[in-house]
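The lines below spell out each chain.
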Amino acid sequence: GEKVEQHESTLSVREGDSAVINCTYTDTASSYFPWYKQEAGKSLHFVIDIRSNVDRKQSQRLIVLLDKKAKRFSLHITATQPEDSAIYFCAPLGGNYKPTFGKGTSLVVHP
Amino acid sequence: GALVYQYPRRTICKSGTSMRMECQAVGFQATSVAWYRQSPQKTFELIALSTVNSAIKYEQNFTQEKFPISHPNLSFSSMTVLNAYLEDRGLYLCGASRGGPNERLFFGHGTKLSVL
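Going down the list, the sequences are from chains A and B.
FYI, in the numbering used here the residues of the first sequence are 7 to 117.
FYI, in the numbering used here the residues of the second sequence are 5 to 120.
Chain A extracted, bound-state conformation (with noise of 0.2 Å):
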């Protein structure tokens, strides 16, 4: 099956600097790569995807870039604001159709 890692379980950045989160997987059958963040005391929320079609793709202070090569994919925040501190999951979804969860980045966004 799939196996993700997140190799950074922390990140410490300061307000307006930029961020760069990154998630590895193991299925070159892997096809659609959404980031998720889960915020203290709360719940998931999706953030950003990308499919296997594009190696880019950017909403507002997000982008998101994929190496398939690498079997890499990657979460960029710009001009971080300290309300962007959270842990953020990848999720890539392997070629068995299911979305396994990577352990988390812990970023800190320090005003």
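Be aware that one or more of the hints could be misleading.
[To be verified] Straight-line C-alpha distance at most 25 Å; calculated SDA-like pairs for lysine to any residue:
1. Lys18(B) - Gly103(B)
2. Lys104(A) - Lys18(B)
3. Lys9(A) - Glu63(B)
4. Lys109(A) - Ser43(B)
FYI, nobody ran anything at the bench for these hints, they're computed from the structure.
As the structure is a prediction and not an experimental result, all values here were calculated from the model.
Add chain B to chain A, keeping to what the hints say.
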């Protein structure tokens, strides 16, 4: 907008008893529902994936006998934790999507299960 209501938000049950949690999709048709458990270490484990008009697929370490799931229509799903013990503690989340699993999931608030 699309929302998922999950209830109860918190529940405490005695060891060996059972509890049921429910998810209601509002504003969209929940074709697929995924049930997850989040451990204290924040890791998400997929329990099962349910698609309307298809069999419910359970992950290894999770069985229908322990976690029976119902997904009778495009707006509702429920899961029961039977004979709950300490190792069943955690936050249970349902995530629903309009299409198959290759669409974004809308999550409920989760049900936090404590077992005494």
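Each hint, compared with the structure:
no.	hint	in the structure
1	Lys18(B) - Gly103(B)	violated, 37 Å
2	Lys104(A) - Lys18(B)	violated, 32 Å
3	Lys9(A) - Glu63(B)	holds, 14 Å
4	Lys109(A) - Ser43(B)	holds, 10 Å
Figure legend: structure checked against the earlier numbered hints; hints not met, in rising order: 1, 2.
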